[in-house]
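Protein chains: 2
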Amino acid sequence: MSEQRTELDNLGEFGLIDHLTKKFESIQKTTEFAIGDDAAVLNINDKESQLISTDMLIEGVHFNLMYMPLKHLGYKAVAVNVSDICAMNGVAEQITVSIAVSNRFPVEALEELYDGIHTACRFYNVDLIGGDTSSSLSGLTISITAIGRAIKEDIAYRSGAQEHDLLVVTGDLGAAYVGLQVLEREKEVYNANPAIQPDLDGHDYIIERQLKPEARVDVIKFLKELDVKPTSMIDISDGLASEVLHICKSSKVGCHVYDEKLPIDTKTSMTAIEFNLDPHTCAMNGGEDYELLFTVSQKDYDKIKGNPHMTVIGHITDEKDGRYYIDKNGSAIELTAQGWTHFND
Amino acid sequence: MSEQRTELDNLGEFGLIDHLTKKFESIQKTTEFAIGDDAAVLNINDKESQLISTDMLIEGVHFNLMYMPLKHLGYKAVAVNVSDICAMNGVAEQITVSIAVSNRFPVEALEELYDGIHTACRFYNVDLIGGDTSSSLSGLTISITAIGRAIKEDIAYRSGAQEHDLLVVTGDLGAAYVGLQVLEREKEVYNANPAIQPDLDGHDYIIERQLKPEARVDVIKFLKELDVKPTSMIDISDGLASEVLHICKSSKVGCHVYDEKLPIDTKTSMTAIEFNLDPHTCAMNGGEDYELLFTVSQKDYDKIKGNPHMTVIGHITDEKDGRYYIDKNGSAIELTAQGWTHFND
Chain A
1 MSEQRTELDN
11 LGEFGLIDHL
21 TKKFESIQKT
31 TEFAIGDDAA
41 VLNINDKESQ
51 LISTDMLIEG
61 VHFNLMYMPL
71 KHLGYKAVAV
81 NVSDICAMNG
91 VAEQITVSIA
101 VSNRFPVEAL
111 EELYDGIHTA
121 CRFYNVDLIG
131 GDTSSSLSGL
141 TISITAIGRA
151 IKEDIAYRSG
161 AQEHDLLVVT
171 GDLGAAYVGL
181 QVLEREKEVY
191 NANPAIQPDL
201 DGHDYIIERQ
211 LKPEARVDVI
221 KFLKELDVKP
231 TSMIDISDGL
241 ASEVLHICKS
251 SKVGCHVYDE
261 KLPIDTKTSM
271 TAIEFNLDPH
281 TCAMNGGEDY
291 ELLFTVSQKD
301 YDKIKGNPHM
311 TVIGHITDEK
321 DGRYYIDKNG
331 SAIELTAQGW
341 THFND
Chain B
1001 MSEQRTELDN
1011 LGEFGLIDHL
1021 TKKFESIQKT
1031 TEFAIGDDAA
1041 VLNINDKESQ
1051 LISTDMLIEG
1061 VHFNLMYMPL
1071 KHLGYKAVAV
1081 NVSDICAMNG
1091 VAEQITVSIA
1101 VSNRFPVEAL
1111 EELYDGIHTA
1121 CRFYNVDLIG
1131 GDTSSSLSGL
1141 TISITAIGRA
1151 IKEDIAYRSG
1161 AQEHDLLVVT
1171 GDLGAAYVGL
1181 QVLEREKEVY
1191 NANPAIQPDL
1201 DGHDYIIERQ
1211 LKPEARVDVI
1221 KFLKELDVKP
1231 TSMIDISDGL
1241 ASEVLHICKS
1251 SKVGCHVYDE
1261 KLPIDTKTSM
1271 TAIEFNLDPH
1281 TCAMNGGEDY
1291 ELLFTVSQKD
1301 YDKIKGNPHM
1311 TVIGHITDEK
1321 DGRYYIDKNG
1331 SAIELTAQGW
1341 THFND
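Line by line, the protein sequences give chains A and B. Our numbering puts the first residue of the first sequence at 1, with every later residue one more than the last. Our numbering puts the first residue of the second sequence at 1001, with every later residue one more than the last.
It cannot be assumed that every hint is accurate.
Not the full set, but computed from the structure, chain A residues with beta-carbon under 10 Å of chain B [stated by the list, open to error]:
| no. | residue |
| --- | --- |
| 1 | E59 |
| 2 | H62 |
| 3 | Y67 |
| 4 | L137 |
| 5 | E214 |
| 6 | M270 |
| 7 | E274 |
| 8 | H280 |
If you are wondering where the hints come from, they were derived from the structure by calculation, not from laboratory data. Note that the structure is predicted; figures quoted are calculated from it, not measured. Ideal Cβ positions, reconstructed from N, Cα and C, are used throughout, including at glycine.
Build out the structure end to end from the sequences listed, making use of the hints.
If you want it as structure tokens, here you go:
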């Protein structure tokens, strides 16, 4: 090993992936698209392609078992992987699930986890086709690979957005992040005094958004029924700002996102304010909403107009016009993605 | 969670997987085979099926960075997954690699790891098509999914062995385990006195078998050239005894494995004896050889007879005749697989 030492934080997650994988080239003719989208794309027959996505969830980094019941964790682990397949405009069909656990966990705990995985498999019609179970020195690690399909011409990459396209999000934003704040607060209260019962009253919606997000398989169906093919698509795992920038970077375009257009549920706004947080900041940078962000050609506007699941939040501009967030006063602020979770000791 | 507490060790790895996945049923018509072989099998077109296998490697459980250079670890992680695709009589084409690392690792360490992954991808002609990079609270975890293909009628399952078939292994056995003993001994010596240089002289072969195993992609090619379709196949990751029992259980057959037929390299035998280990026990239970174990119909015997890569070590019997290891004196000893690594605290 060389004597130089570059800290992981210097590169950040996306910089690190780019750096480590830059010298890999695809040589198999079945590889249609490798690294850099929500899923890889493989050629499997003349009509369809296969979509493959993978995710690893680490205790203490991605989830906290103090407020995340194992059953919910199992469900969420499947849902977020199905969401990656949705983000390519495809349908998930199979998953593999590998887990590493310390013997702190009894068999009954893993039964809870697999109950959640089973419920999600039933709900999303995906088959559990394999995996690996091993011991870990500490904590729980879950690694999931989701496998899906799409008609070749339906696949939506991050790179297809074009000038004048409309930027659309599904559902509402920021709730998962604000829900996490409530759970974190109650954890602190509990740590200070275990006799005090958690006060989650009135926060059901935002807590459910954090603990039990759903992949928008319904939206993929609606889009097909409406005969709308998104020109680009991504799912919102790291926050809207980060995902908009991914689309802009991959598509080599600019954008305007309008503050006043962001779909934020009243319960999210009220609780955010309770925590002295700006609801729009939660929507832009909160993450974990697992909604879909996509672009459509203006000619498709009439097909999605007034659809209760979709909100137009801005439009695509030429790359040299920049990427901007337009606030309530009409001021244009350059879009930036918040930093990534730091690498832990 | 229920109040009952059943320890993970009560079930063991395979018992645990069976227990957790027993209520999962496949509903997708593209799922040809789900859990219970070296890889899952998916229908992708009229001629071919896809093979999907996944593995997780945990620092301190599956590898020790004190004697495993990161470059070798990267290479091995790919090789063992390619081996799973070989074990279905298929050809690996793509992999995904997810890693979780603590910030104990500098970027340069991960470059070493990915150098090894890259070298293996080149050697095995597999494309890196995706993955996930995240932080961990401690140590390094690697999760790999391998994707391969096979002509439908070529696929070899564990369940196809029939009475009178011959049991065949490739290469030689036990070397990886004995190599590990040498590395462990030198680690102890180093821990006791870091000034002493490791004494690995004359152990190159067995250490390479531990640190840089190869998937037998060459054997898959030979079998095709020889026009031999194994009736069943598995790769040797946990030790020959365990794998023979997997084939017998899946195929509902018995077997005789002959002690005197086991292919063991002289260097393996000599070093085993140095460690007061029985070389045949190392071959039967050592594991990590990543050779292939398969069965062929007797009519194919002439095609493999004298092949330097293949050794007939026994034959398949009727299930009610039992599963036996025949020692040098002709005594039949019931085959048992050694226990699995215990779940750690």
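Here's how the hints hold up against the structure:
1. E59: holds (8 Å)
2. H62: With a closest approach of 7 Å, the H62(A) hint holds.
3. Y67: violated (14 Å)
4. L137: Since the shortest Cβ distance to chain B is 5 Å, the answer is holds.
5. E214: violated (19 Å)
6. M270: violated (32 Å)
7. E274: violated (30 Å)
8. H280: violated (27 Å)
The earlier numbered hints that this structure contradicts are 3, 5, 6, 7, 8.
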